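Number of protein chains: 2
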Amino acid sequence: MLSKKTKYGLKALTFLASQPDRDPIQIAEVARHENISQKFLESILLTLRRNGFLGSKKGKGGGYYLIKAPKDIQMTSVMRVLEGPIAMVPCVSLNFYEKCDDCPEEGECSVNKLMLKVRDANLEVYRNTTLEDLIS
Amino acid sequence: MLSKKTKYGLKALTFLASQPDRDPIQIAEVARHENISQKFLESILLTLRRNGFLGSKKGKGGGYYLIKAPKDIQMTSVMRVLEGPIAMVPCVSLNFYEKCDDCPEEGECSVNKLMLKVRDANLEVYRNTTLEDLIS
DNA sequence: GTAATTCCTATTAAATCTATAGGATAAATT
DNA sequence: AATTTATCCTATAGATTTAATAGGAATTAC
Chain Y
1094 MLSKKTKYGL KALTFLASQP DRDPIQIAEV ARHENISQKF LESILLTLRR
1144 NGFLGSKKGK GGGYYLIKAP KDIQMTSVMR VLEGPIAMVP CVSLNFYEKC
1194 DDCPEEGECS VNKLMLKVRD ANLEVYRNTT LEDLIS
Chain A
1094 MLSKKTKYGL KALTFLASQP DRDPIQIAEV ARHENISQKF LESILLTLRR
1144 NGFLGSKKGK GGGYYLIKAP KDIQMTSVMR VLEGPIAMVP CVSLNFYEKC
1194 DDCPEEGECS VNKLMLKVRD ANLEVYRNTT LEDLIS
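First to last, the protein sequences are chains Y and A.
The opening position of the first sequence corresponds to residue 1094 in our numbering, with each subsequent residue numbered one higher.
The opening position of the second sequence corresponds to residue 1094 in our numbering, with each subsequent residue numbered one higher.
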């Protein structure tokens, strides 16, 4: 299952990307428009800012705004930041690799074999989809 | 993340599929061979039997065995039984469809748009992989 | 009849996810 | 300078899901 964090984060990014300009938009406005708990969204936007997707401005007239062109934001990076590793098991992860402690021979593990294919299929999608592609 | 239930279930299926014949194999032996908690595995094999993948025999000399040819067991069905829906959100699920309550227009939802692609990519993999493909 | 093994349900323990609380910090306005 | 507005930040509570265990019932082989 996709976490709500990722779901809300994606919706927020898309909403910001679809703005006519890059003026700051308040959390409250995003939350209202996308039906998201404001406090929860706040923490999500914070992570997105800390990871280089958003800029922010405090005080009156403040809010969040995109700091990259939507076409330059790949879903690989969005998913990794919001949802975590793209691989379903650490033993096939590119960025978060870990050996299984139970599995003696990775090359002969059926789970490894299947999840490698799944990872590649997902990477293919995420690499070839940018935020721009998600705007209606 | 792939659940341990699915991971263990896949390993057990592969182990049973790689047996020279279809004589019953004890839970204990599968558990030992794959480093799995026996009690946990027991409940997994039970689900696999109830869903038509395995047969079982009680008492001395009993155990579990495959009741279909490995090449006839698609990963789509294994994943659905062990891991649940293949889609990451209900609004793009073929077998477990549900409308989002927050999203007014599915066709304009970025999450829907992305997850549709992901679902298709995963289905492609799961449909084209059988248990036979996972045996070393 | 006894031992071996699966069957079945309930429950506990652990981990993760979702959401909230509440004050700190900074900017704009007056 | 004071006030208002909005993000910043950490901690924590509540809810849900996952993982594992417990313990006895049912069935089969010998």
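Keep in mind the hints are simulated off the structure, nothing from the lab.
None of these values were measured; they are calculated from a predicted model.
Misleading hints may appear alongside valid ones.
In this list, chains with the same sequence are indistinguishable; a pair is considered to hold if it fits within one copy or across any two.
Stated by the list, open to error - With a cut-off of at most 25 angstroms between alpha-carbon atoms, the simulated DSS-like pairs for lysine-lysine come out as follows:
#1 Lys-1161 - Lys-1210
#2 Lys-1192 - Lys-1098
#3 Lys-1210 - Lys-1192
#4 Lys-1097 - Lys-1132
#5 Lys-1097 - Lys-1192
#6 Lys-1151 - Lys-1132
#7 Lys-1161 - Lys-1206
#8 Lys-1132 - Lys-1153
#9 Lys-1206 - Lys-1098
#10 Lys-1098 - Lys-1150
#11 Lys-1151 - Lys-1192
#12 Lys-1132 - Lys-1098
#13 Lys-1098 - Lys-1164
#14 Lys-1206 - Lys-1097
#15 Lys-1151 - Lys-1161
#16 Lys-1132 - Lys-1150
#17 Lys-1150 - Lys-1161
#18 Lys-1192 - Lys-1150
#19 Lys-1164 - Lys-1150
#20 Lys-1164 - Lys-1153
Exercise for the section: Hint by hint, work out which the structure violates, then give me just those numbers in ascending order. Expected result: 11, 18 and 20
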